[in-house]
Amino acid sequence: MKTKRILKVFLIFACCLLLAQSGESIQKASAFTNQVIQIGAVGDDVIELQSRLQYLGFYNGKIDGVFGWQTYWALRNFQYEFGLKVDGLAGWPTKLKLAKASQYHEGYVKEQINKGNKFTHYGGMDLNKQTAPAKKNNTAQKGTTNQPVKKPAGNTGGAAQNTGNAGTNNQNAGTNAGTNQATANKPTATNVPNGFSQNDIQLMANAVHGESRGESYIGQVAVAAVILNRLDSPSFPDTVSGVIFEPGAFTAVADGQIWLTPNETSKKAVLDAINGWDPTGNAIYYFNPDTATSGWIWSRPQIKQIGKHIFCK
Amino acid sequence: MLRNILIGALTVAVIGTGVWAYQEHKEKNAILINAENNYQRAFHDLTYNIDLLHDKIGTTLAMNSKQSLSPALADVWRITSESHNEVGQLPLTLMPFNKTEEFLSKIGDFSYEAAVRDLDKEPLSEEEYNTLKSLYQQSADIQDELRQVQYLVLKNNLRWMDVEMALASGKEAADNTIIDGFKTVEKTVEGYSDNDMGPIFTSMEKKEASYKNLPGKEITEKEALSIAKKYITIGKSAETKVVKNGDGSDYEFYSVSIQDKNGETNMDITKKGGYPIWIMSNRDIKQQNISLNEASNNALKFLNNRNFKNMELFESSQYDHIGVFTFVSKIDNVRVYPEAIKIKVALDDGSIIGFSAEEYLGTHRTREIPQPKITEDEARKQINKNVKIMESGLAIINNRSNEEVLVHEFLGTLENDTYRIYINAETGDEEEVIKLQNAEPIYEDLVGGKA
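Listed in order, the protein sequences are those of chains E and R. Under our numbering, the first residue of the first sequence is numbered 1, with each subsequent residue one higher. Under our numbering, the first residue of the second sequence is numbered 1001, with each subsequent residue one higher.
Possibly wrong hints are sitting among the right ones.
[Claimed, not checked] Dumping the calculated PhoX-like pairs for lysine-lysine here, alpha-carbon to alpha-carbon at most 25 Å:
1) E/Lys-268 x R/Lys-1286
2) R/Lys-1230 x R/Lys-1261
3) R/Lys-1286 x E/Lys-313
4) R/Lys-1222 x R/Lys-1286
5) R/Lys-1301 x E/Lys-85
6) R/Lys-1272 x R/Lys-1286
7) R/Lys-1261 x R/Lys-1272
8) R/Lys-1388 x E/Lys-85
9) R/Lys-1236 x R/Lys-1217
10) R/Lys-1272 x E/Lys-313
11) E/Lys-85 x R/Lys-1187
12) R/Lys-1106 x E/Lys-313
13) R/Lys-1373 x E/Lys-268
14) R/Lys-1435 x E/Lys-313
15) R/Lys-1187 x R/Lys-1330
16) E/Lys-308 x E/Lys-268
17) R/Lys-1388 x E/Lys-313
18) R/Lys-1230 x E/Lys-313
19) R/Lys-1301 x E/Lys-308
20) R/Lys-1066 x R/Lys-1121
[Stated by the list, open to error] Quick list of simulated restraints, FRET-style, between CB atoms:
21) E/Leu-96 x R/Asn-1304: 40 to 50 Å
22) E/Lys-118 x R/Glu-1315: 23 to 33 Å
23) E/Lys-97 x R/Asn-1333: 40 to 50 Å
[Unchecked claim] Among the chain E residues that face chain R by a calculated CB cut under 10 Å, a handful are:
24) Phe-196
25) Phe-250
26) Ser-294
Keep in mind that the hints were calculated from the coordinates and are not lab data. Quick reminder that beta carbons are idealized off the backbone N, C-alpha and C, glycines included.
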């Protein structure tokens, strides 16, 4: 009885192992991770998606690792041409088809991204001719050691194009380098909320950090929200810089604390505020009751207090 | 001997300090004068522009043809926006001057609306003409007051730096001419009621989200906390706090804050009906374990389980390890954009870390969706021929005058950019064209070479 149970457990365990392994091999074949990639996503999967779509000629934009509109239309065109459900989502069937139809030279793509080169990844063209600061692909690879061009699914896709890398067939080394790089790699672009640039966000983060670095997270979001509420208000300037540098508007601007280096928290707070979180209830002023010198500010209708700051209309 | 050396050294030191102090003083003065000049320039530019504004509004009164009226009104709009900019450069933040700034921007809005309109089809109405007339009168008042201040500033060599210091320290300065002058301007403008400016102005004021008409009865602090528990999982050891809003708020709400070992979560709940306005929690999210797609499904489930029905995903973006989603109502296959809810999902465990129904609460109600008078094909003809249309549908949006209108919505591409185009489903007007944001390159990588 007991041995039977042990056997059962062992069998189940073995099955699990097998399954896990087969799952792994599927992953290797397609190289994508398991996630469904949708518009707005960022990361390695998006880089691969863009590279593969470009290989087939659907995607003509930059391979930057951000799933934007251009990628979206390219994916939909691909889905349409290959008889898949046209939904703009890179799910399992789409990824499988894509992996079968295209090649992905991960090593090449990541290397270009790391070096900041301008490059493309079209199929049927010599990769060496697709990168801007003309560097010999082969020598560059030798220099950086262990970055063989990984060929997932490339063998099934026909068009044997990278014969020059025949020496780097060691699959193990290939995956290792691939994964090592994957963690070290970052997309070369980023999502930004409509109407704001990264520099606007940085400037606001500077102001928020200077004004409220001692406050809780929500207190920092609140200060950022006030800046944004002022942008919308007819009584204040209409630009981020105009609001921040209005003489006398912020003490941190007046005493130079705005030029302290902001931390990630203040940047996150600014992003939250821009994305629509306003903890202040539409306040356009705030003050610290312990240090406020202007009597007038006390006459403003007060909405609420967050941390040390009182927020008012 | 020693004494003489000591005296000599001290003399040198004293003279040296004197020279150094004098140079410091000179430098400080130069900087002060520089700052003062910037203020002076902004101030004199402002008075000049107000002069100009008055004249320009005056000339539009005597104009009749579209050819001269439209450019003149556009000019008025330009001058108001410039004056607005100049006010922003003066140290007036700590004193009441907002009515005047609002007044300026209202003139700007009014003249812009009139300038871009086809005046042949729709000439200035009697009402609008009267508005212009009273604007002429009112700008004369402001001009008068400002000229007076300007005269005194020039005559008595008044300095804006003194104004700034007086306002910053909160102490009454000896000579308050400038401050008093600007206060008089503000009082004059305050005297103009909205009626003087005609109904056009009042309708143009942005409608503030008001939660007064929300259904349901008023809730207590205890009820607020139990509502919060429906949205946030609260651990046993968590510290909770509920605070009522201050007197200055347009509507009543409770602020709930929950502090536990994972971090802090904050939430605002309306007093009337007990609706969640926003939720925000802050904790470190170190890695991504789930996809953006999975996260958006989580968010939708979160909404559906909490009685926000018929919501559809509209936008999704990933920032580091956080997914931010916008959902909008969809009624009879029509997207209602004003009814938007934002949700933030942590991509490590898929939990909801942010929620904002600010817009949704102000606009949500039972709606009758009107039938479009214009078919989609007819609407398509209104679109620029170079735009390749990829997707289409019906939607309700807020137009420029902040009214809800039914539109045909098109997603189209032109070269590498994607556009959202709204064609009014009743009149066929092009209501709005929005160029959708592309991803921005990270400059650190470009400038610094390797990241």
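Taking the hints in turn, this is what the structure says about them:
no.: 1; hint: E/Lys-268 x R/Lys-1286; in the structure: 14 Å, holds
no.: 2; hint: R/Lys-1230 x R/Lys-1261; in the structure: 19 Å, holds
no.: 3; hint: R/Lys-1286 x E/Lys-313; in the structure: 37 Å, violated
no.: 4; hint: R/Lys-1222 x R/Lys-1286; in the structure: 35 Å, violated
no.: 5; hint: R/Lys-1301 x E/Lys-85; in the structure: 24 Å, holds
no.: 6; hint: R/Lys-1272 x R/Lys-1286; in the structure: 38 Å, violated
no.: 7; hint: R/Lys-1261 x R/Lys-1272; in the structure: 31 Å, violated
no.: 8; hint: R/Lys-1388 x E/Lys-85; in the structure: 21 Å, holds
no.: 9; hint: R/Lys-1236 x R/Lys-1217; in the structure: 29 Å, violated
no.: 10; hint: R/Lys-1272 x E/Lys-313; in the structure: 21 Å, holds
no.: 11; hint: E/Lys-85 x R/Lys-1187; in the structure: 65 Å, violated
no.: 12; hint: R/Lys-1106 x E/Lys-313; in the structure: 19 Å, holds
no.: 13; hint: R/Lys-1373 x E/Lys-268; in the structure: 45 Å, violated
no.: 14; hint: R/Lys-1435 x E/Lys-313; in the structure: 33 Å, violated
no.: 15; hint: R/Lys-1187 x R/Lys-1330; in the structure: 47 Å, violated
no.: 16; hint: E/Lys-308 x E/Lys-268; in the structure: 20 Å, holds
no.: 17; hint: R/Lys-1388 x E/Lys-313; in the structure: 45 Å, violated
no.: 18; hint: R/Lys-1230 x E/Lys-313; in the structure: 31 Å, violated
no.: 19; hint: R/Lys-1301 x E/Lys-308; in the structure: 37 Å, violated
no.: 20; hint: R/Lys-1066 x R/Lys-1121; in the structure: 10 Å, holds
no.: 21; hint: E/Leu-96 x R/Asn-1304: 40 to 50 Å; in the structure: 30 Å, violated
no.: 22; hint: E/Lys-118 x R/Glu-1315: 23 to 33 Å; in the structure: 29 Å, holds
no.: 23; hint: E/Lys-97 x R/Asn-1333: 40 to 50 Å; in the structure: 30 Å, violated
no.: 24; hint: Phe-196; in the structure: 9 Å, holds
no.: 25; hint: Phe-250; in the structure: 9 Å, holds
no.: 26; hint: Ser-294; in the structure: 5 Å, holds
Checked against the numbered hints listed earlier, the structure breaks hints 3, 4, 6, 7, 9, 11, 13, 14, 15, 17, 18, 19, 21, 23; every other hint is satisfied.
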